[in-house]
Amino acid sequence: MIPASFDYVRPSSLDEALETLRDQGEDAKVLAGGQSLLPLLRLRLAYPGTLVDVGRVKELRGVADRGDHILIGAMTTHYDIVTSPIVREHCPLVALATATVADPAVRHRGTLGGSLAHADPAGDLPAVARALDMEFVVRSADGERVIPAADFFLDYLETALDPGEILTGIRVPKLGPGWGFHYEKFHRTAQAWAIVGVAAAVRRSNGTIEEARVALTNMGPTPVRATAVEEAVRGAELGAGGVLRAAASRADEDTHPPADLHARPDYRRHLARVLTHRALLAAAGTT
Amino acid sequence: MPRISVTVDGIRYDEEVEPRLLLVHLLRDRLGKTGTPIGCDTSNCGACTVLLDGRSAKSCSVLAVQADGCDIVTIEGLSTGGTWHPMQRAFHEEHALQCGYCTPGMIMAAIDLLHDDPDPSEESVREGLEGNLCRCTGYCTIVRAVRRGAREMSQKQEGAATS
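Chains R and H, in that order, give the protein sequences. Using this note's numbering, count along the first sequence one by one with no gaps and you end on 287. Using this note's numbering, count along the second sequence one by one with no gaps and you end on 163.
Among the hints, erroneous ones may be present.
Unchecked claim - Here are the simulated distance ranges between beta carbons:
no., chain 1, residue 1, chain 2, residue 2, range
1, R, 27, H, 80, 44 to 50 Å
2, H, 135, R, 265, 29 to 35 Å
3, R, 240, H, 138, 43 to 49 Å
4, R, 7, H, 157, 43 to 49 Å
5, R, 245, H, 30, 55 to 61 Å
Hints are computed from structural coordinates only; laboratory data are not their basis. None of the values given here were measured: they were computed from a predicted structure. From the three backbone atoms N, C-alpha and C, an ideal C-beta is built for every residue, glycine too.
Can you build the whole structure from these sequences, using the hints too?
The structure is reproduced here in structure tokens:
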């Protein structure tokens with residue numbers, strides 16, 4: 001399958017990329033690593049007039065420690081994130097979940113910014129962004145703004161990015177000591193999208209769970225926080241039988257899981273409950 | 001049309017390409033590198049895996065223009081002077097193929113894996129090749145071949161270091 005024709009521009013700086021986007025308007029699409037976009041083009045599910053390839057914009061790559069958070073350049077590849085000592089030390093959930101994205105060849109080229117801007121609810125990283133309350137740094141020719149993860153994902157493959165904007169970096173807050181993490185995914189093969197995924201972060205202290213953050217992959221058109229679970233698990237004593245299971249049984253509240261070839265909504269609800277229980281157990285360090 | 005310059009299996013090519021031309025089509029249709037097959041065409045199967053600037057990439061999911069200035073190695077570039085690469089030999093000796101369609105991608109992915117893990121365990125091989133599908137032999141002989149190839153490659157390097 002061959003994509004429909006398009007024009008191709010490869011800016012060497014962010015400013016040049018932003019100017020191109022401003023001039024091209026809605027007809028332009030940013031090409032990051034291409035691991036989601038190229039399949040869409042080949043399947044003729046997208047027809048951009050111009051691709052703006054930011055693959056050579058060096059300022060969009062790399063991981064930096066910024067004190068209370070780390071800043072990940074939008075064009076940093078999954079491979080570079082998984083192997084980054086800064087990410088592994090301060091934001092291990094990002095490394096854990098990224099290591100499950102597709103397969104090594106895809107992780108060499110796919111990028112964090114590309115995955116988030118693509119906003120596929122079956123992608124793994126949007127849920128991680130919600131769980132960790134990441135902030136998205138966005139630039140246009142007119143300036144910069146910061147969008148919280150909670151406001152970024154609007155609908156299926158739809159984000160708060162305006163046509164002239166590029167996601168340049170992602171701020172990931174450091175959660176500090178006492179937290180445990182896990183990403184639990186159910187899928188058929190490495191390359192297949194998650195049928196359901198659960199990102200969990202749990203803060204433990206003196207045998208109890210003080211705080212938990214749980215976000216769900218592919219349980220609706222956008223990644224969602226399982227707030228009912230987060231509330232139910234707060235203050236739970238670790239080791240008390242069934243507490244985590246009971247909390248996890250509320251994982252599918254207020255979700256709108258899709259129906260597709262792989263699962264019906266009721267099966268996804270079941271998966272969300274089971275996988276949330278597993279993710280909580282692992283994040284709390286009790287498995 | 002954009003003009004690109006790529007090095008493929010050690011030879012530099014200057015080509016004019018349509019932006020929508022996929023790297024795998026450049027390799028096969030323009031440069032005659034038909035050793036790299038097209039499998040699923042949806043980046044699932046890994047048959048078209050090549051090394052792009054030293055790391056594995058699925059050439060059906062890269063535009064030829066994106067590879068401008070890059071160094072590409074295909075299965076055809078592995079042998080030197082008529083001698084097979086140790087990983088090719090290991091696949092042959094362990095009978096790690098039946099129809100052979102997935103083999104070029106398997107071998108390229110295996111060589112990539114050894115960058116990060118020169119002596120991979122069985123589990124590491126299975127994870128490292130998770131992006132490559134075989135639909136006839138099963139994976140047991142492939143895993144054996146990759147581990148054998150890895151041993152032979154490290155022995156060869158040791159030999160080169162001591163000679």
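Here's how the hints hold up against the structure:
Roughly 48 Å separates the CB atoms of residue 27 of chain R and residue 80 of chain H, a value that falls within the hinted 44 to 50 Å. For the hinted restraint 29 to 35 Å between residue 135 of chain H and residue 265 of chain R, the CB-CB distance of approximately 32 Å keeps it satisfied. Residue 240 of chain R and residue 138 of chain H have their C-beta atoms about 45 Å apart, which keeps the hinted 43 to 49 Å range intact. At about 46 Å, the beta-carbon gap between residue 7 of chain R and residue 157 of chain H stays in the expected band of 43 to 49 Å.
As the Cβ distance of residue 245 of chain R to residue 30 of chain H is approximately 58 Å, the hint placing it in 55 to 61 Å holds.
Of the numbered hints stated above, none is contradicted by the structure.
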